[in-house]
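Colleague: Starting from the structure of chain A, add chains B and C where the hints point.
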Amino acid sequence: MTIATLPPPAPLPAEPPAERSNYLNVSYGVVSWLLTKDHKRIAILYLISVTAMFFLGGAAISIVRLHLITPQGALVSADTYNRLFTMHGVIMVFFFLVPVAPAVLGNFCLPLMIGAKDLAFPRINLLSWYLYVVGGAWTLYAMLTEGVDTGWTFYAPYSSQATHYNVVPTLIGLVLAGFSSLFTGLNFIVTTHWLRAPGLTWFRLPIFVWAMYATSFISLLAVPVLAMALILLMLERLLHIGIFDPALGGDPLLFQHLFWFYSHPAVYIMILPGMGIVSEVIPCFARKALFGYKFVACSSLAIAFLSFLVWAHHMFVAGITLYAALIFSCLSFLVAVPSAIKVFNWTATLYKGSIAFETPMLFCLGFVALFTSGGLTGLFLATLGVDMHVHDTYFVIAHFHFIMVGGMVMAYMGGLHFWWPKMTGRMYSQWWSRLAALIIFVGFFLTFLPQFVVGYNGMPRRYYQYVPEFQVWNVLSSAGASILAVGYLLPLGYLFYSLRYGPRTGDNPWGATGLEWQTSSPPPRDNFAVTPTVYRGPYEYDTGKAQNEP
Amino acid sequence: MSLRDTLFTPAEQTALFDHTFLARERLEEQYASLPHQSETAAFGMWVFLATEVMFFGTLFLAVGAYWCLDPQTIELASLELNWKIGSINTFVLLASSLMMVLAIHATQLNQQKQAYRYLLITAGLGICFLGFKAVEYYIDYRENLIPGFKFDDAEWIARGVDASRIGYVKIFLFLYWVMTGFHALHVTIGIIAVSVMAVLTRRGRYSREYYSPLDVTGLYWHFVDVVWIFLFPTLYLLGTHTL
Amino acid sequence: MSDKIVSTSTYIAVLAILLVLTVLTVGVSFLPLPPIGHVIAGLTIAALKASLVVLVFMHAMHSPRLTWCVIVACIVWLLIMFSLTYSDYLTRGSLPQMPGH
Chain A
23 MTIATLPPPA
33 PLPAEPPAER
43 SNYLNVSYGV
53 VSWLLTKDHK
63 RIAILYLISV
73 TAMFFLGGAA
83 ISIVRLHLIT
93 PQGALVSADT
103 YNRLFTMHGV
113 IMVFFFLVPV
123 APAVLGNFCL
133 PLMIGAKDLA
143 FPRINLLSWY
153 LYVVGGAWTL
163 YAMLTEGVDT
173 GWTFYAPYSS
183 QATHYNVVPT
193 LIGLVLAGFS
203 SLFTGLNFIV
213 TTHWLRAPGL
223 TWFRLPIFVW
233 AMYATSFISL
243 LAVPVLAMAL
253 ILLMLERLLH
263 IGIFDPALGG
273 DPLLFQHLFW
283 FYSHPAVYIM
293 ILPGMGIVSE
303 VIPCFARKAL
313 FGYKFVACSS
323 LAIAFLSFLV
333 WAHHMFVAGI
343 TLYAALIFSC
353 LSFLVAVPSA
363 IKVFNWTATL
373 YKGSIAFETP
383 MLFCLGFVAL
393 FTSGGLTGLF
403 LATLGVDMHV
413 HDTYFVIAHF
423 HFIMVGGMVM
433 AYMGGLHFWW
443 PKMTGRMYSQ
453 WWSRLAALII
463 FVGFFLTFLP
473 QFVVGYNGMP
483 RRYYQYVPEF
493 QVWNVLSSAG
503 ASILAVGYLL
513 PLGYLFYSLR
523 YGPRTGDNPW
533 GATGLEWQTS
543 SPPPRDNFAV
553 TPTVYRGPYE
563 YDTGKAQNEP
Chain B
27 MSLRDTLFTP
37 AEQTALFDHT
47 FLARERLEEQ
57 YASLPHQSET
67 AAFGMWVFLA
77 TEVMFFGTLF
87 LAVGAYWCLD
97 PQTIELASLE
107 LNWKIGSINT
117 FVLLASSLMM
127 VLAIHATQLN
137 QQKQAYRYLL
147 ITAGLGICFL
157 GFKAVEYYID
167 YRENLIPGFK
177 FDDAEWIARG
187 VDASRIGYVK
197 IFLFLYWVMT
207 GFHALHVTIG
217 IIAVSVMAVL
227 TRRGRYSREY
237 YSPLDVTGLY
247 WHFVDVVWIF
257 LFPTLYLLGT
267 HTL
Chain C
51 MSDKIVSTST
61 YIAVLAILLV
71 LTVLTVGVSF
81 LPLPPIGHVI
91 AGLTIAALKA
101 SLVVLVFMHA
111 MHSPRLTWCV
121 IVACIVWLLI
131 MFSLTYSDYL
141 TRGSLPQMPG
151 H
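Chains as they are written, first to last, in this note's numbering: chain A, 23 to 572; chain B, 27 to 269; chain C, 51 to 151.
Hints are all accurate, no fakes.
Ranges of calculated distance between the beta carbons of each label pair, as one might list FRET restraints: (1) I62/C to L156/B: 19 to 27 Å; (2) V494/A to V89/C: 56 to 64 Å; (3) T185/A to F34/B: 48 to 56 Å; (4) G150/B to A63/C: 21 to 29 Å; (5) R30/B to T185/A: 45 to 53 Å.
Which bits of chain A does chain C cover? Going by a derived footprint, with three or more residues having C-beta under 8 Å, they are: (6) 328 to 337; (7) 343 to 353.
Here are the simulated SDA-like cross-link-like pairs (lysine to any residue), alpha carbons at most 20 Å apart as the crow flies: (8) K176/B to R259/A; (9) K54/C to S233/B; (10) K139/B to T58/C; (11) K54/C to P61/B; (12) K54/C to L135/B; (13) K139/A to L60/B; (14) K54/C to Q138/B; (15) K139/A to S542/A; (16) K110/B to I95/C; (17) K110/B to V78/C; (18) K159/B to V76/C; (19) K139/A to E54/B; (20) K110/B to F80/C; (21) K110/B to L69/C; (22) K54/C to L60/B; (23) K54/C to S64/B; (24) K139/A to S64/B; (25) K110/B to G77/C; (26) K54/C to E235/B; (27) K139/B to I55/C; (28) K54/C to H131/B; (29) K176/B to H262/A; (30) K176/B to L257/A; (31) K110/B to V70/C; (32) K110/B to R168/B; (33) K110/B to G207/B; (34) K54/C to Y236/B; (35) K139/B to S57/C; (36) K110/B to T268/B; (37) K54/C to S238/B; (38) K176/B to R191/B; (39) K110/B to V76/C; (40) K139/A to Q63/B.
No wet-lab data here; the hints were simulated from the structure.
C-beta atoms are modelled at their ideal positions from N, C-alpha and C, and glycine is treated no differently.
Okay, chain A solo, but in the shape it has when bound:
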C-alpha cells in the first residue's frame, strides 16, 4: 500500500452513529475511573498526570532559559536558579521520562498487542498509578513550597547535611514513584510471559513488546537500589549519621555508586520504549517488514544487560580509582553497540520502502537522526581523556537532551500520534500535527546544538552566570526553547480538539498489521470479543496480512 491507497478517513455521517460499547463509555462516573481495573483507563489516567508533569517541568526550565539570556543572569537569584533546575530535572526524569512510555503507551498497548484481556495483575496496575500520583503530589509540594537546590542527583553530603531545603519530602515522593514504576515493570514481565495469545511465540512479538520487556527488566533490578540509596540519604539527613559524609567518616562516593547504579540503567528505561515505538512506526509507514527483527529484539535485551555495567562513567572525576575508571570506560563503549544495531536496522527498513510522511513517521525519523547524533556524543563522554574536560559542562547537558528530548520525547510524540486513533477513536488534524513536528524539530536544534558548542568551550552546567563570550549561543538556545515550547503546546490544542471534533476512525486507519489494530477503535472493555490466534509475525507488510489472519 502506498500513501495513495491508504484508506481515506471516514466522512462525517449525517447524524451521529450509535456508539458501540468501548472501554470509554462502558461505565460512567469518577468512581468507575478511579477504581478501574482496566489497563486502558489506567493508561489514560497516567496520560493526564504525566502530561501535567511535563508542562510543570517545562515551565521551570523556561524560566531558566529566560534567565540565561544575559551572562550576569539578572532574572532570578542564584539560589532560585538552583531550585529551578533541580525541579526541572526531578520532574522530567522521575515523573515524565521514566513513566511516560511504559505507563501510558505500554499500559494501553501491551495487552492488546499480545491478545490478552488485561495485564496479569490489574489491581497492582491501579496501585502503581496511585503511587505515582501520591509521589508526584508529595514531590510537587516540596518543589513548589520551598524547593530543593541539590540538582536531581542529590549528591551527598550537600543534600544530606549542608542544604536547608526540602530534601526529605522530595525523596519520599521519589521512592513512591520508584515503586510505581517497579510494579508496572513487574506487571509487564509477568504479562508477557504468561498471557500471550495462542500462536504468539516470542519471535512473533512486536518489537514494542520486547522493548517494554527489556525496560521492565531494568526497572525491576535497578529501582530497589535507588530506593535504598534515597532511604539511606533521608536517614542520614534526619539522624546526622555520616554514612555518606566525609566529615563524619563516611564515603560520599558510596552514595554516587548506589545512585548511579539505578540512574544509568534508568536512562535506558527512558529510551528503550522509544526505540520500541520507532520499531513499530517505521515498518508501518515504510510498508516494509522490520529489517533484522531478531537482531532488534535481542539488542533490546543486550541494552538492558549492558546498561547495568557502566554506571560509574558518571563518576570519572568524582574520585574513583583509575582502575575502576578504565573498566567502566571500556564497558561504556560496549553499550553503544546494540543501539547502533537498531539504528542500522531501522535505516535498512527504510531502504526501498514505500514511505508515507504521516505525523508519527515524521517524529520517528526525527528520533533516528537525533538519537544517533546524541548517542555518538556519548562515546566522547565515555572517553576518559575527553570526559576530563567536558564533564559537568553543557556538553553533557546537550548530549542527554539530544537523546532524551530529541530522542525519547519525539518517539513518545510519534507513539502518541500513532496510537491516538486507537485510544480515542478520533483522528487529529494532519496539517497541524505535521506543523507541530516540524516546529519541534527546528526548535530542538536551535535549543541544543549551541549547547554542544558552549559546553565544549567550557561553560559549566548548573551555574547561574557565564562568561560573556558564550552569550550568543545562549541566546540562540533560549530562542530555540521558546520555539520548542510552541511546538509542544500545539499538540495539546489539536489533540484535545480531535476528542470532540475529530473524524471518527475505523479500526485500522494506518493499515498496520499488529494485533492492537485488529480490534475496534477505541477497543471494547475486554479488548477482543474472541481471543485471537496468531499465525504470523508482526510486520508482514509485504503480504499485507495482520497477525491473526490465517
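Modeller: Below, chains B and C alone, put in the same frame as chain A:
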C-alpha cells in the same frame, strides 16, 4: 440482603463494582483457568522477590564497602552485637520456614485443619523472632549502641578504636539498625499475611485444587528467612574471630 | 506452584541440615582465618543454607525453568553490583586516583 444490596440498586452495583477493582471473581477474565492464574501469581511473587534481593543487597553492599575501607574497626563494632540472640533467632526463623512449608504440604493433601495449625505456629514463631529482637534491641540500647541517640565515644576509644575512626563504628551500627529494622518490618508484614492465611484456611478457602495465595505467602516468608541467613553472619559474626 | 508433593520427612531432614549449618556458621567464624578465608567460608555456608531453603522449601527444584531464570538473574545482578562497585573500593590506596582532585 448483603450491605451491597441495601445500599445500591442492581444497576448501580454493576456500574460501581463490575468494572472496578472491587469485582470479586476468583478467576480473573484475563486467565484461561485457575491453574494458569496460580502459576502466574507464583511467578509474580518470584519476580517481586528478585526486587527485594536487590533492595537488601544494597545494604549488604554498603556494609561490605566499609569493611573494605577499615576491616579492624568494623569487626570491633560487630563484636558488640549480640550473636547469641542472633543465633537463637536464626533457629527460630528456620523452624518457622519448616512450619510454613508443612502448612502448604497439608493443604496439598486437603488437610485444612492441620494446615491451619501449622500456619498459626509459623506466625507464632515469627512473633517469637520479633520478641527476641525486641529484647536484643533493648540490650543494644542499654549498651549505648544507637548512634545518633545513645552512643558513647569514650567507650569505643577505650576498646581501642582511634578517635578518627569512630565514624566507621557509627556507620556500621547505623547499617545494623537499618538492615535489621527493614528485616523486622518484612517479618511483621509476613506475620500479618500468614495470620490472614491462617484465618482463610480455617474457613476452608484453600484446597488441593487452589491454594495460590498460600503458596505466594509461603514464598514471601521463606525469602524473609533467606535474607536473615545472610544477614546474621554479615552483621553479627564479623568480629568473632578475634575472640 | 508445583504438582509434585514432597514428603514431610524430606522437609524435616532439610531443617536438620540447616540447623547444623547454622552451628557451623557460628563455629567457623571463631576460627583464626585470614579475612578472605572468613568471607569465603561465611558466604559459602550461607549460600548452602539459602540454596536449601530456595530449592526445597520454596519448591524451586520442582518449579518451571522460568523460576530458575529469575533466581539466576538475582545472583548474576548481585554479582554485577558487588564486583563492579568493589573494583573501586578494593583498589583504593593502591592505585593513583583519577585526576581532578
